[in-house]
Amino acid sequence: MRNRFDEQLLQLNTELLKMGALCEEAISYAVKCLTERKPEMKAYAIETEKMIDHKERDIESLCMKLLMHQQPVATDFRMITSALKMISDMERIGDQAEDIAEIAEYVTNADFQSKVDITDMAETAVKMVMNSIDSYINKNTDIAYSVIAMDDTMDELFIKVKNQLINSVKKGTDNAEALIDMLMIAKYFERIGDHAENVAEWVIFSITGNHNS
Amino acid sequence: MNKKIFRSSLLVALLVLTASFVMMIGILFNYFQLQIEKELKNEAIYISAAIENEGTEYLKNIVNNEKRVTLISADGTVIADTSVEADELENHLDREEIKKALADGHGTSVRYSETLTEKVVYYAELLDDGSILRVSTKQYTVVTVLLGLSQSISVVILLTFILSFILSRRVSKSIVKPINELDLDNPENNNTYEELSPLLSKISSQHKTIEKQLHEAKKQQEEFSLIIENMSDGLLIIDKNMQVLMCNTSAKKLLNASENVNGNVFSVNRSKSFRQSVEKSLGGERFENEMVYDDRHYNIIANPVYEDSEIIGAFIVIIDITDTIQREQMRREFTSNVSHELKTPLTSISGFAEMMMNGGIDEATVKDFSKSIYDEAQRLISLVIDIIRISELDEKSNMFVKEKVDLYELSEEIIERLKPHADKKSIKMNIFGGKAQVYGVRKILDEIIYNLCDNAVKYNNNGGTVDIIVGTTDNETILTVRDNGIGIPKNAQKRVFERFYRVDKSRSKEKGGTGLGLSIVKHGAVFHNAQITLESQINEGTSITLKFPKQ
Chain A
1 MRNRFDEQLL
11 QLNTELLKMG
21 ALCEEAISYA
31 VKCLTERKPE
41 MKAYAIETEK
51 MIDHKERDIE
61 SLCMKLLMHQ
71 QPVATDFRMI
81 TSALKMISDM
91 ERIGDQAEDI
101 AEIAEYVTNA
111 DFQSKVDITD
121 MAETAVKMVM
131 NSIDSYINKN
141 TDIAYSVIAM
151 DDTMDELFIK
161 VKNQLINSVK
171 KGTDNAEALI
181 DMLMIAKYFE
191 RIGDHAENVA
201 EWVIFSITGN
211 HNS
Chain B
214 MNKKIFRSSL
224 LVALLVLTAS
234 FVMMIGILFN
244 YFQLQIEKEL
254 KNEAIYISAA
264 IENEGTEYLK
274 NIVNNEKRVT
284 LISADGTVIA
294 DTSVEADELE
304 NHLDREEIKK
314 ALADGHGTSV
324 RYSETLTEKV
334 VYYAELLDDG
344 SILRVSTKQY
354 TVVTVLLGLS
364 QSISVVILLT
374 FILSFILSRR
384 VSKSIVKPIN
394 ELDLDNPENN
404 NTYEELSPLL
414 SKISSQHKTI
424 EKQLHEAKKQ
434 QEEFSLIIEN
444 MSDGLLIIDK
454 NMQVLMCNTS
464 AKKLLNASEN
474 VNGNVFSVNR
484 SKSFRQSVEK
494 SLGGERFENE
504 MVYDDRHYNI
514 IANPVYEDSE
524 IIGAFIVIID
534 ITDTIQREQM
544 RREFTSNVSH
554 ELKTPLTSIS
564 GFAEMMMNGG
574 IDEATVKDFS
584 KSIYDEAQRL
594 ISLVIDIIRI
604 SELDEKSNMF
614 VKEKVDLYEL
624 SEEIIERLKP
634 HADKKSIKMN
644 IFGGKAQVYG
654 VRKILDEIIY
664 NLCDNAVKYN
674 NNGGTVDIIV
684 GTTDNETILT
694 VRDNGIGIPK
704 NAQKRVFERF
714 YRVDKSRSKE
724 KGGTGLGLSI
734 VKHGAVFHNA
744 QITLESQINE
754 GTSITLKFPK
764 Q
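Residue numbers (our numbering), protein chains in the order written: chain A, 1 to 213; chain B, 214 to 764.
Pulled out of the complex, with its shape left as it was, chain A reads as follows (with noise of 0.2 Å):
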């Protein structure tokens, strides 16, 4: 009984890595979208974002399998129940990183005149990603932590972003239209870094059984 029960664990755990990975990936894509300029990445956006939400249903029907009939207890459950959880967050992940891709290709025409540190923004919703993914496969609580705190920069970051679209809009040198997409797109990765965050914390809850929140 306990090994099959440690088989689906393991199962749990690889399908939670594979999300994860298409996560990761479906971000990238988002990201190349917007500051390499390589429309074609939208496909692959969509297209990752669609196995995303198989992953998520899939995870789901096996948490609920686990839960009935193994009935699980402290560790275990608290482990089924954190996936359960995180689930819905990388699924959230993956939406967003769609909802660039398909932005991205009306920002990317429009040409800036004015400097927006949208990269920077890019680059930190990825890293947190990978390190809320990182965090959950080490089983390492201080990984986790740091995703935590790199919200914070994510926020200023945001801040610091809508201000220079702010003073753009005013100067009216740029496509307003595109400003504003642009400024979706930052409230994008700033939802990314927040979702990632969640992630973050139910690994911690995962691993300390505590929840910091």
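Derived by calculation from the structure, the hints in this document are not laboratory data. Do not rely on the hints blindly, as some may be mistaken.
[Said to hold, decoys possible] In silico lysine-lysine, DSS-like type, Cα no more than 30 Å apart, as pairs:
| no. | chain 1 | residue 1 | chain 2 | residue 2 |
| --- | --- | --- | --- | --- |
| 1 | A | K32 | B | K485 |
| 2 | B | K617 | B | K638 |
| 3 | B | K638 | B | K615 |
| 4 | A | K50 | A | K65 |
| 5 | B | K453 | A | K85 |
| 6 | A | K38 | B | K493 |
| 7 | B | K216 | B | K415 |
| 8 | A | K38 | B | K485 |
| 9 | B | K556 | B | K656 |
| 10 | B | K493 | A | K65 |
| 11 | B | K485 | A | K139 |
| 12 | A | K65 | B | K453 |
| 13 | B | K332 | B | K313 |
| 14 | A | K139 | B | K466 |
| 15 | B | K641 | B | K671 |
Given the structure of chain A, go ahead and fit chain B onto it with the hints provided.
Coordinates of chain B only, in the frame set by chain A:
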């Protein structure tokens, strides 16, 4: 074993105890019987003496519960009896002891009562007057004695049982103890039962065999893991749950994984192509994939591992193919460059020739055209010669003969050769230093210095200088060619040794180079194991130094 010895010794003790008990009782009873008979006989003698003295009246005086005395006449009638009235008794002539007494003068007999709990011992004596005196006494039978003594007997039995229990335990323990204390790791060092020594020597020889085999297995294992650890390709083995079973150092390094890899394979790497390989191979398919990671190219070969036609895991090999890909890229570039370089002069040759073919051109123009065709053809020839040289150096052919070459002398020769070119631009060429011998191929060294000096002249301003400095240190021969020409920009400095690379992208023909000069220098330097360094500042000049190691 302990139990068995204990049980059997206990059983033996109890059996012996019981047997000796039974035998003792038998012997004792026999002895008692004899004793009683003797007693009865003595008594009969006393009584008979008394009767003779006092007559039958004596019997009436005897009051004894234990013994019964009967006087019987010769015809069997009871004359007197101490316990029963004589008249009530029947004729005793048929009694065994009376018969014996009548025959032998005395007789004994034993009769058991109906319940077997009592037996009566009779002794009869024939008196002188022909009558018979019989004395009898009751004796307890074995059963009675046993019943009477049952309490004490059971106490004794219990005690002996306990005693034998304890003793046999001790005994069995002491027998087993040396066996338990055997040092099986060194079977031959034991001082124990002789009967065990064949067994021990057998164990000892087996011990040695096992140790030898273990040692061999360990050695093989070590060899295997050494090979695995030191191979440059990464090797990963996973089970069907994607858990890492083995991961060598190269794999960790190539995939940029943390030092202690365990658990899921995706903790090693989770890039798309790697995931694909893992999944496909666990799906039962041999899968080859290319992966780009950190600007390096890897080939991932994943093979499923079967056991009884069931997939139990996968075997993943990661090969770094960055160099191969780079080389391929270079070769591709070289080919396209060569074709391009060859095409340009050929196009103009063909153009001039076409115009001349169509006619209607005056003689002066024909001459002019012919000169252009000649120049382009010369250019083609020098290009082809350079390409041939490079491919020769590329193949590191053994056709070259090594000899001692004096770089100073060689440089002087080259200056002489380049003098016409230098004079055209009024460039001054100087040589410093002295004799510096290098063991190498004269032709290649010549090309190296010629190309360096040629470049120094070509890419120099009018009235500039070219300095050649030749010298030796303890373990190196150093040659430096320095000019104060146009210099090489920083970003191009790394690439000038590449084939057909030119700082001046327009590839203008005015300088007349093939774009292969420095590439030939570099190949020549590599051929001589020389180290090449370039220092350049734009508009200030360039200095290229070659350091030849001394053999």
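We went through each hint and held it up to the structure:
1. K32(A) / K485(B): holds, 16 Å
2. K617(B) / K638(B): violated, 34 Å
3. K638(B) / K615(B): violated, 36 Å
4. K50(A) / K65(A): holds, 23 Å
5. K453(B) / K85(A): Since the Cα atoms of K453(B) and K85(A) sit roughly 27 Å apart, the hinted pair holds (cutoff 30 Å).
6. K38(A) / K493(B): holds, 29 Å
7. K216(B) / K415(B): Holds. K216(B) to K415(B) sits at ~26 Å (cutoff 30 Å).
8. K38(A) / K485(B): holds, 19 Å
9. K556(B) / K656(B): With a Cα-Cα distance of about 29 Å, the restraint between K556(B) and K656(B) holds, given a limit of 30 Å.
10. K493(B) / K65(A): This hinted pair holds, its Cα atoms lying about 26 Å apart.
11. K485(B) / K139(A): Distance ~22 Å between K485(B) and K139(A) Cα, so the pair holds.
12. K65(A) / K453(B): holds, 21 Å
13. K332(B) / K313(B): holds, 19 Å
14. K139(A) / K466(B): Between K139(A) and K466(B) the Cα gap is close to 21 Å, so the pair holds against 30 Å.
15. K641(B) / K671(B): Distance ~13 Å between K641(B) and K671(B) Cα, so the pair holds.
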